[in-house]
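**Student:** Listed here are the chains, written in short residue letters.
2 protein chains.
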Amino acid sequence: MRMGVLGTGMVGRTIASKLVALGHEVTMGSRTADNEAARAWAAEAGAGASHGTFADAAQGVELVFNCTAGSGSLEALRAAGAENLAGKTLIDVANPLDFSHGMPPSLLVSGTDSLGEQIQREFQDAKVVKALNTMNCEVMVDPARVPGEHDVFISGNDHGAKAQVRELLESFGWPAGSVIDLGDITTARGSEGHLLLWLRLWGVLGTGDFNIKVVS
Amino acid sequence: MRMGVLGTGMVGRTIASKLVALGHEVTMGSRTADNEAARAWAAEAGAGASHGTFADAAQGVELVFNCTAGSGSLEALRAAGAENLAGKTLIDVANPLDFSHGMPPSLLVSGTDSLGEQIQREFQDAKVVKALNTMNCEVMVDPARVPGEHDVFISGNDHGAKAQVRELLESFGWPAGSVIDLGDITTARGSEGHLLLWLRLWGVLGTGDFNIKVVS
Numbered sequence: 002m003r004m005g006v007l008g009t010g011m012v013g014r015t016i017a018s019k020l021v022a023l024g025h026e027v028t029m030g031s032r033t034a035d036n037e038a039a040r041a042w043a044a045e046a047g048a049g050a051s052h053g054t055f056a057d058a059a060q061g062v063e064l065v066f067n068c069t070a071g072s073g074s075l076e077a078l079r080a081a082g083a084e085n086l087a088g089k090t091l092i093d094v095a096n097p098l099d100f101s102h103g104m105p106p107s108l109l110v111s112g113t114d115s116l117g118e119q120i121q122r123e124f125q126d127a128k129v130v131k132a133l134n135t136m137n138c139e140v141m142v143d144p145a146r147v148p149g150e151h152d153v154f155i156s157g158n159d160h161g162a163k164a165q166v167r168e169l170l171e172s173f174g175w176p177a178g179s180v181i182d183l184g185d186i187t188t189a190r191g192s193e194g195h196l197l198l199w200l201r202l203w204g205v206l207g208t209g210d211f212n213i214k215v216v217s
Numbered sequence: 002m003r004m005g006v007l008g009t010g011m012v013g014r015t016i017a018s019k020l021v022a023l024g025h026e027v028t029m030g031s032r033t034a035d036n037e038a039a040r041a042w043a044a045e046a047g048a049g050a051s052h053g054t055f056a057d058a059a060q061g062v063e064l065v066f067n068c069t070a071g072s073g074s075l076e077a078l079r080a081a082g083a084e085n086l087a088g089k090t091l092i093d094v095a096n097p098l099d100f101s102h103g104m105p106p107s108l109l110v111s112g113t114d115s116l117g118e119q120i121q122r123e124f125q126d127a128k129v130v131k132a133l134n135t136m137n138c139e140v141m142v143d144p145a146r147v148p149g150e151h152d153v154f155i156s157g158n159d160h161g162a163k164a165q166v167r168e169l170l171e172s173f174g175w176p177a178g179s180v181i182d183l184g185d186i187t188t189a190r191g192s193e194g195h196l197l198l199w200l201r202l203w204g205v206l207g208t209g210d211f212n213i214k215v216v217s
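For the protein sequence lines, the chains are U and F, in the order given.
Count along the first sequence from 1, then add 1; that gives the number in my numbering.
Count along the second sequence from 1, then add 1; that gives the number in my numbering.
Among the clues, some could well be false.
Same chains, same names: a pair is fine if it fits in one copy or spans any two.
As the list claims (entries may be wrong) - Listed next, the in silico SDA-like pairs over lysine to any residue satisfying Cα-Cα at most 20 Å (straight line): (1) LYS214 <-> ASN158; (2) LYS214 <-> ARG79; (3) LYS89 <-> LEU109; (4) LYS89 <-> HIS160; (5) LYS89 <-> PRO148; (6) LYS89 <-> GLU76; (7) LYS214 <-> PRO144; (8) LYS89 <-> VAL216; (9) LYS89 <-> PHE211; (10) LYS214 <-> HIS25; (11) LYS214 <-> PRO106; (12) LYS89 <-> GLU63; (13) LYS89 <-> GLY61; (14) LYS89 <-> HIS25; (15) LYS214 <-> ALA177; (16) LYS89 <-> GLY207.
Since the hints were derived computationally from the structure, they do not count as laboratory data.
Produce the complete structure using the sequences and hints provided.
**Tutor:** If you want it as structure tokens, here you go:
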């Protein structure tokens with residue numbers, strides 16, 4: 002499948018590489034057409050990998066990942082173009098992290114709103130699915146890094162898009178039973194809020210190779 | 002041990018009953034000396050159970066549980082009296098839930114502050130330990146309701162107080178390895194933030210008999 006990955010940071014590169022390894026054609030998008038990180042990634046990732054602007058990464062693809070920093074996601078998506086996102090599954094991996102109050106970061110929105118909802122409100126024709134935002138990027142694409150059972154959460158309004166994301170997550174190595182559908186896009190408040198605990202656990206555990214399992 | 006439980010709601014009654022069952026002398030405190038729920042609880046809980054005002058429940062005890070609604074916790078603690086809380090371990094079980102925006106609730110403070118910190122800042126001589134606020138009250142006092150391994154988080158500035166809380170949690174049935182010390186009281190932002198995910202999981206699972214296990 003042709004896919005676009007917005008963002009050239011560690012999360013974007015890790016997800017884009019996994020998608021290429023799975024046989025997808027991936028365009029990594031950034032603010033400028035000549036982003037050095039995107040160029041280096043495409044050269045290294047090899048066949049199926051290309052790079053360009055945010056709009057280049059959203060045009061002509063079937064599915065788009067938002068892996069930009071949460072504080073810049075809306076602007077990046079505007080650059081990608083609402084018309085290029087319309088009708089497509091938009092997997093929002095970003096968290097609205099606020100580094101202005103020091104470390105660990107807090108959240109730019111929390112409780113009464115979420116980045117996932119902000120994106121869905123502004124890009125009404127995109128099918129936004131919040132997913133994978135509750136863990137380190139290495140764990141996102143290789144859940145077996147963390148031993149035993151643990152879970153990934155999805156939130157979104159479109160059932161077809163969520164089914165597509167489930168399938169993609171399974172191709173990443175997530176067992177079907179580990180994908181927990183929290184509900185519509187407002188439930189992104191839950192997975193984004195959990196980041197506050199994730200950040201503290203990261204501090205205690207000293208590694209990003211962890212996750213949570215919901216036990217009931 | 003003599004203990005005070007502030008709050009007459011389900012959380013307060015459940016914890017107070019467990020403490021009495023474990024052989025502690027427990028005074029349940031409320032705004033007024035003649036609170037009907039507190040009176041009924043004390044009559045039913047039997048030997049070792051008494052009730053009174055918030056101040057009655059904090060005076061002459063060794064340890065105090067804050068089980069009041071988060072939106073009213075500071076006021077309840079003021080009524081209990083800073084002088085009665087000084088030098089004591091104050092286990093803060095409350096969450097700063099904000100029901101003014103509808104259901105599920107959001108948080109009155111989040112990310113850059115927490116109820117646990119607000120309490121510690123105002124009652125500087127109390128040894129505040131945030132604990133048990135990431136689960137239903139039945140699970141707090143009977144972790145075996147949820148099968149398998151799952152965790153409870155503690156946050157606080159005083160190591161002695163946290164050791165005391167660990168011991169108390171073990172007496173509730175929590176295995177030593179399931180108590181995760183997140184760090185100082187600012188880490189209460191983590192466990193309180195997780196509530197946003199807990200609320201959504203509650204909606205999906207349709208039961209409060211669940212918890213999370215940190216897997217690494």
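**Student:** Are the hints correct? Go through all of them and say.
**Tutor:** Hint by hint, here is what the structure shows:
1. LYS214 <-> ASN158: neither (24 Å within a copy, 28 Å between copies)
2. LYS214 <-> ARG79: neither (35 Å within a copy, 38 Å between copies)
3. LYS89 <-> LEU109: neither (26 Å within a copy, 36 Å between copies)
4. LYS89 <-> HIS160: For LYS89 and HIS160, only the intra-copy Cα distance (13 Å) is at most 20 Å; the inter-copy one is 52 Å.
5. LYS89 <-> PRO148: Cα proximity of LYS89 and PRO148: none, with 34 Å in one copy and 40 Å across.
6. LYS89 <-> GLU76: within (18 Å within a copy, 50 Å between copies)
7. LYS214 <-> PRO144: The answer is both: 12 Å in one copy and 16 Å across copies each meet 20 Å.
8. LYS89 <-> VAL216: neither (33 Å within a copy, 34 Å between copies)
9. LYS89 <-> PHE211: Neither, since 31 Å and 35 Å both go past 20 Å.
10. LYS214 <-> HIS25: neither (29 Å within a copy, 34 Å between copies)
11. LYS214 <-> PRO106: neither (24 Å within a copy, 23 Å between copies)
12. LYS89 <-> GLU63: Intra 6 Å, inter 60 Å, cutoff 20 Å: intra-copy only.
13. LYS89 <-> GLY61: within (10 Å within a copy, 64 Å between copies)
14. LYS89 <-> HIS25: within (16 Å within a copy, 60 Å between copies)
15. LYS214 <-> ALA177: both (14 Å within a copy, 19 Å between copies)
16. LYS89 <-> GLY207: Cα proximity of LYS89 and GLY207: none, with 37 Å in one copy and 31 Å across.
Taken one by one, the earlier hints fail for this structure at numbers 1, 2, 3, 5, 8, 9, 10, 11, 16, listed in ascending order.
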